[in-house]
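Number of protein chains: 2
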Amino acid sequence: MARELRASICLVFLALALEVVDSTYVSGQQQPGIAERYKEVAEQIMTVAQSDSSAYERLTELVDRFGHRFSGSPNLEQALDWILQEMESDGLENIRAEPVMVPHWVRGSESAIMLEPRWKQLPMLGLGGSVGTPPQGITAEVLVVESFEELTARASEAEGKIVLFNAPWMGYGPTVQYRGRGAIAAAEVGAVASLIRSVTPYSMDTPHTGAMRYDEGVPRIPHAALTAEDAAMLQRMQDRGERIVVNLYMEAKTLPDVESRNVMAEIVGHEKPEEVVVLGGHIDSWDVGQGAMDDGGGCVAAWEAVKLLKRLGLRPRRTIRVVMWTNEENGLRGGNAYRDAHRTELDNHILAIESDAGVFEPQGFGFTGSDAAFEMVSQIGSLLDAINAGRITRGGGGADIGPIMREGVPGMGLSVDGSKYFWYHHTHADTIDKLDPREVALSVAALAVMSYVVADMEERLPR
Amino acid sequence: MARELRASICLVFLALALEVVDSTYVSGQQQPGIAERYKEVAEQIMTVAQSDSSAYERLTELVDRFGHRFSGSPNLEQALDWILQEMESDGLENIRAEPVMVPHWVRGSESAIMLEPRWKQLPMLGLGGSVGTPPQGITAEVLVVESFEELTARASEAEGKIVLFNAPWMGYGPTVQYRGRGAIAAAEVGAVASLIRSVTPYSMDTPHTGAMRYDEGVPRIPHAALTAEDAAMLQRMQDRGERIVVNLYMEAKTLPDVESRNVMAEIVGHEKPEEVVVLGGHIDSWDVGQGAMDDGGGCVAAWEAVKLLKRLGLRPRRTIRVVMWTNEENGLRGGNAYRDAHRTELDNHILAIESDAGVFEPQGFGFTGSDAAFEMVSQIGSLLDAINAGRITRGGGGADIGPIMREGVPGMGLSVDGSKYFWYHHTHADTIDKLDPREVALSVAALAVMSYVVADMEERLPR
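Chains as they are written, first to last, in this note's numbering: chain G, -16 to 446; chain H, -16 to 446.
FYI, nobody ran anything at the bench for these hints, they're computed from the structure.
Every value quoted in this text rests on a predicted model; they were computed, and no experiment measured them.
One or more hints might be untrue.
It does not matter which identical chain is used: a pair holds within one copy or between any two.
To be verified - Think about it this way: if two alpha-carbon atoms lie no more than 30 angstroms apart in a straight line, the pair counts; the simulated DSSO-like pairs of lysine-lysine are: (1) Lys103 with Lys403; (2) Lys236 with Lys103; (3) Lys293 with Lys236; (4) Lys103 with Lys293; (5) Lys255 with Lys403; (6) Lys403 with Lys293.
Modelling step: build the complete structure from the supplied sequences, incorporating the hints.
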């Protein structure tokens, strides 16, 4: 008996010791831990979310009815009107639209035609913000380079030419630089236009658009993306010593700013309504495809997460606010305007969550905030292990919540299986059929559990 | 000792018994079997083929220089001129071009625009042989059906409409029927034009063209393919009760036949030059993409197989003839013309091999011929097990060799990993980058070994 007693005591100490290192108990002063307190409600949320196809259906209706939703377009504003109506029918609270002035870039007609060594139409997309060409287009010889370094080495050959950056896919960050500052680098060495290989690991003759920029003091030259296939072909032609001549035609221009809106709705907190957990995505898209995964899906998943909580009668202590930011793609005006309009509330913004990586199979969240807060959201994450979405990693957020994160608001981004995201990103192929209803529902579940627990738990997520 | 002797005798009998059922020995009266006799040379061929990148390089040059090679186009004839020159530089024998009159369908400008419920450009490709629309296009309401059966059931709704066959991918054979006879079925119920969902299991906003037909006595209406994405969207719109209106514009027309050529070259047999093993693919393609896998790759792999034998000094007993047939895609005039031009030689056509499934990783051959011949080619196949291309299955051939197979010539088709073939088939995405140099080289190896052994073995492949 004595031996058994000693063994029992040992087990108790062992259990206590384990509890100390168990993240479920590290940060909370309270007993039981957050995960334990919210286990039941989280299971309820996840169960209902998975049996609910309304997020996928609503997203389908959004993208079928309005198509892509580019800043400055009627589609975007019509979609916003519809969303505001739908939010009313959901019974959400404090539904409102906050005005935001957004850039108004219009693509117009555009084309790229290879004239030498043989005639070929080159599928292309002008890059957002680019200037157009003269009415007859720009006809010039092409210089293909694989990198900025190669352009520097061959700078003397670039004068009067169209530079094509045939940069191979090296992941998004390194590769997208050619989209961002290719026109600057090409103009600096005297090029008359700049082309890039589309920023993607995979192509089916698919051009990708996206944002680009100019620098003060450097001539503004047209900048467009070719397909990976054609960029590689032009490289081969150059390597064979063939002269390549392309006519680039773009009507692109930037019109005066127009008014758009950030739209939002809430479940008002029952105890600390002034404290806010904000979640959402960007409702604008590029002017191609349906903007289903970038980022209609993120918007609708966040919206449906809040609708689901409402439907389940789960009113948290704090306010949960779903926001659909406008103009992420070519200006970030929505995220900036939100920061400015809500500046006095930012100290009470407990957490900002963004979903803008496609609503593919969710894996967890990336979090930017204090260690103490990381521990707490990790505990909440463990509730999502049941749907394999519990992996909380350090670092994360989103472009739209960036401005308030820089003001000190902890930020979080939904992590998903991104293996095919950049196949579709900013292309005509970003359409609803690429998403899976089950995965969208899981994303709703993950967003609902995370936002609800942070909004409802006694502890205020520390900064 | 007696027991050991008995055991030895048993083993000898067992070995003999096994030899009887071993396919290596079944059909040949000779000892040793075919595989054994050709093991060394097959290994040599496979080794050299795998260290040789010239097939991929030549294919790249072909498709980069000439692009797609549609019947009636200058591209096709220029490619044929170049091929004839290159065959000369390879030192091949009896290089010649045989004239073939081919159809001359021209696509012209074309578009499909959804006008209701909202404006959207619908990427499309007219189907080969289709008539065009009047100059203002055809503007009509759309009726979406998923099958011929559904069209029959809804026949009373089709009058004056554009019928869209939104048939899901059910494999190529069942699905391609909507491309082949959709215009007939739609016209029979009074439709003014016919659209199909592109024939593919996967799409990145990718329309697929291909052949279609009309029937005598049924009005000829325009027939075109939309993307899988848009076909599905139109289905959803109809299911929601929305009225869909599309303007279809096609300048397509059929001009008088023009002359093209089947081109061919040989290694003349040293013992039975009048007996011929023929191998090849079709050099024409649709007027999209580069026709790299359909079927530039098949042509070049067969050509390079023969060039490789020449380079290795392997002159077989019988003649090996590589043929690039013209006009497979929209007429099969090349295959028919070959049959007619070579009718008196067909009894001495020992075997015809076609590669027209893309030069992806080869797996073996499908064979159509007698059981005795199947056994022999299976033995040869076993030589290709070293490169995992030794699977000989029953049934196989190719469209171009179909006409001579119907005259009794045994036929064979190269089998490959076809998992992505129909992603690219008849699209702008059929480009060289989708092929892998190693897999192309393996296809060359498989074709070289099979054609050489059949042409060289003492036994004549039985009918």
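(request) Check lysine 403 against lysine 293 for me: Cα-Cα at most 30 angstroms, and say if that holds within a copy, between copies, both or neither. (result) neither (33 angstroms within a copy, 45 angstroms between copies)
(request) State whether the alpha carbon distance between lysine 103 and lysine 293 is at most 30 angstroms within one copy, between copies, both, or neither. (result) neither (56 angstroms within a copy, 36 angstroms between copies)
(message) My question is about lysine 255 and lysine 403: at a cut-off of 30 angstroms on alpha-carbon distance, are they close within one copy, between copies, both, or neither?
(response) This pair counts as neither: shortest intra-copy Cα distance 41 angstroms, inter-copy 56 angstroms.
(message) I want to check one pair: lysine 103 and lysine 403. Are their C-alpha atoms no more than 30 angstroms apart within a copy, between two copies, both, or neither?
(response) both (29 angstroms within a copy, 25 angstroms between copies)
(request) Could you place lysine 293 and lysine 236 in one of the four classes (within, between, both, neither) given a Cα distance threshold of 30 angstroms? (result) Intra 44 angstroms, inter 60 angstroms, cutoff 30 angstroms: neither.
(message) One pair to classify: lysine 236 and lysine 103, alpha carbons no more than 30 angstroms apart. Within, between, both, or neither?
(response) both (26 angstroms within a copy, 21 angstroms between copies)
The structure fails to meet hints 3, 4, 5 and 6 from the earlier list, while all remaining hints are met.
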